[in-house]
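Q: For the sequence shown, position 410 matches number 410 in this note's numbering, and the numbering has no gaps at all.
These are computed hints drawn from the structure, not numbers from a lab.
Predicted, not measured: the structure shown is a model, and the values here were computed from it.
Each residue gets a CB set at the ideal place from its N, CA and C atoms; glycine is no exception.
Take these hints with a grain of salt, some might be off.
As the list claims (entries may be wrong) - As a list, the in silico DMTMM-like pairs of lysine to aspartate or glutamate whose alpha-carbon atoms are at most 20 angstroms apart:
1. 279 / 289
2. 358 / 393
3. 414 / 325
4. 297 / 346
5. 379 / 393
6. 414 / 349
7. 414 / 388
8. 379 / 283
Said to hold, decoys possible - Now the in silico label distances, taken between C-beta atoms and shown as ranges:
9. 243 / 358: 48 to 58 angstroms
10. 396 / 32: 30 to 40 angstroms
11. 169 / 406: 48 to 58 angstroms
12. 191 / 298: 47 to 57 angstroms
13. 67 / 117: 38 to 48 angstroms
14. 243 / 376: 33 to 43 angstroms
15. 401 / 267: 18 to 28 angstroms
16. 247 / 400: 22 to 32 angstroms
17. 25 / 247: 27 to 37 angstroms
18. 348 / 30: 29 to 39 angstroms
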Amino acid sequence: MKIYLIELRRSPLLLCLPLLVLVDLAAVFGRSHYWIGVWPQASAAAQIPAIFFAPAFAGAAAWAVSRSLQRGVWEQRYAAARTSWHMEAVQFAATLTYGLLAYTLGAVAAAIVSVPTAGPGFLWPSYLLLGFSVITLCAALGHLVGRWSRSIFMAPVICALGCFVAIGAIGSPRGLGLFVLSGEPNVVVNTWPLVARISLATALLFAAIVLPDRQKRQRFRWPQTFGARVAASCAGFAVLVAFSSLIFAGPIRVDRAATDSPLCSTSSPRVCIWPEDRKYLPELTAMAERLDAVPQKWLNLPDTFYQSGLRPDPRYIPIDFSFSEGQLWFAAPNFAGVVIQRSITDKCEERSRVSAQKYSDAILQLDLWLEFRLMGSSKLSINSTLSDAQLSEPQRIVQASEGEQASWVDKQLKVIHNLPCQ
């Protein structure tokens, strides 16, 4: 412990700690604030700094160990009474401590701002462990490369850039799953893939400590003792097995099992959501109430609107609503789509291309009109692939009187019902 404390005090990272904390807070709070008050989203946001800390500490670990292997320092180090692996472990632990300290402070900040509005629960450990494993993995890789490198400057640069490029190129959830950018409540971090990533980080850490550095390789070519040889062989084998398990473990996130106690509004129609998204319930309830207030008898509203994942039946996946980054406009098409599906039945099993196009255009106009009605606005607050020509008529009519809107809707319904199939 005494040596560890000495390493902490003499590390240049001590002076950089305030900067590391600022970087962490900037990464957590700088992108957006929608995650505040939603525990899984806050957990994912707290994990994002790992994307930047992992390359940084790969470089820091490589620089720290390269410096300790320069001429004159190596002799003092290996003349010490402590075993070499113990010295390596202490040095690596000191470097990693600063990264994990800054990372943890960011997570604490995310928790503090979420507590007032998030309700029961806390940060999801799985997201935090994912970030922890990536930081450890890259730091261990940097320590390992630094022990083998002859350059005190090139090793840190190569390790930092290499980890940054690798994480950006293949680290997404669709790749190796080394990070996530959001934490929707209907998905969870898959246990075994997370264990695989932690195992790889642990195996690389073990290898970084027990494999011989360049000084030993030059002097002895291979670890002298039988125990050292076994440890080095086991380290290499462990890295190979852990990396293979990461490749075959599956996606980092999977659908969450449906809850038996969703959070539902008391109005009619009801809106049921994941309990973690409780802060959005008042606005979602208002959307359903605005839809119910439309004075047109042809509308057939469901008893309940469900958030995606609450009903595991595959039939409901396309129609249950979801939203991204706190933008409830993303839920509007699902609300409107469910109502259109229940209210209008296509009499034709097959349609000609011309008939199908006219039918789709009329349905789209009604769908957009309903979206604007339930959102209480004639302006989109999200980017849309729809053209101005498709949006202009619903945007105009939603601002008209109820009588004008009813006449316009009747016109669209007549087009739908009177279209020939062929």
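Q: For each hint, tell me whether it holds in the structure or not.
A: Against the structure, the hints come out as follows:
1. 279 / 289: Holds. Residue 279 to residue 289 sits at ~17 angstroms (cutoff 20 angstroms).
2. 358 / 393: holds (15 angstroms)
3. 414 / 325: violated (38 angstroms)
4. 297 / 346: holds (18 angstroms)
5. 379 / 393: holds (12 angstroms)
6. 414 / 349: Answer holds: residue 414 to residue 349 is near 19 angstroms, not above 20 angstroms.
7. 414 / 388: violated (24 angstroms)
8. 379 / 283: holds (17 angstroms)
9. 243 / 358: 48 to 58 angstroms: holds (56 angstroms)
10. 396 / 32: 30 to 40 angstroms: Since the Cβ atoms of residue 396 and residue 32 sit about 32 angstroms apart, the hinted range of 30 to 40 angstroms holds.
11. 169 / 406: 48 to 58 angstroms: holds (55 angstroms)
12. 191 / 298: 47 to 57 angstroms: holds (48 angstroms)
13. 67 / 117: 38 to 48 angstroms: holds (47 angstroms)
14. 243 / 376: 33 to 43 angstroms: Because 52 angstroms falls outside the window, the suggested range is violated.
15. 401 / 267: 18 to 28 angstroms: At 26 angstroms between Cβs, range holds.
16. 247 / 400: 22 to 32 angstroms: violated (58 angstroms)
17. 25 / 247: 27 to 37 angstroms: The hint (27 to 37 angstroms, Cβ to Cβ) holds, given that residue 25 and residue 247 are roughly 34 angstroms apart.
18. 348 / 30: 29 to 39 angstroms: Between residue 348 and residue 30, where Cβ atoms are some 52 angstroms apart, the hint is violated.
Violated hints, listed in ascending order, are 3, 7, 14, 16, 18; each of the other numbered hints is respected by the structure.
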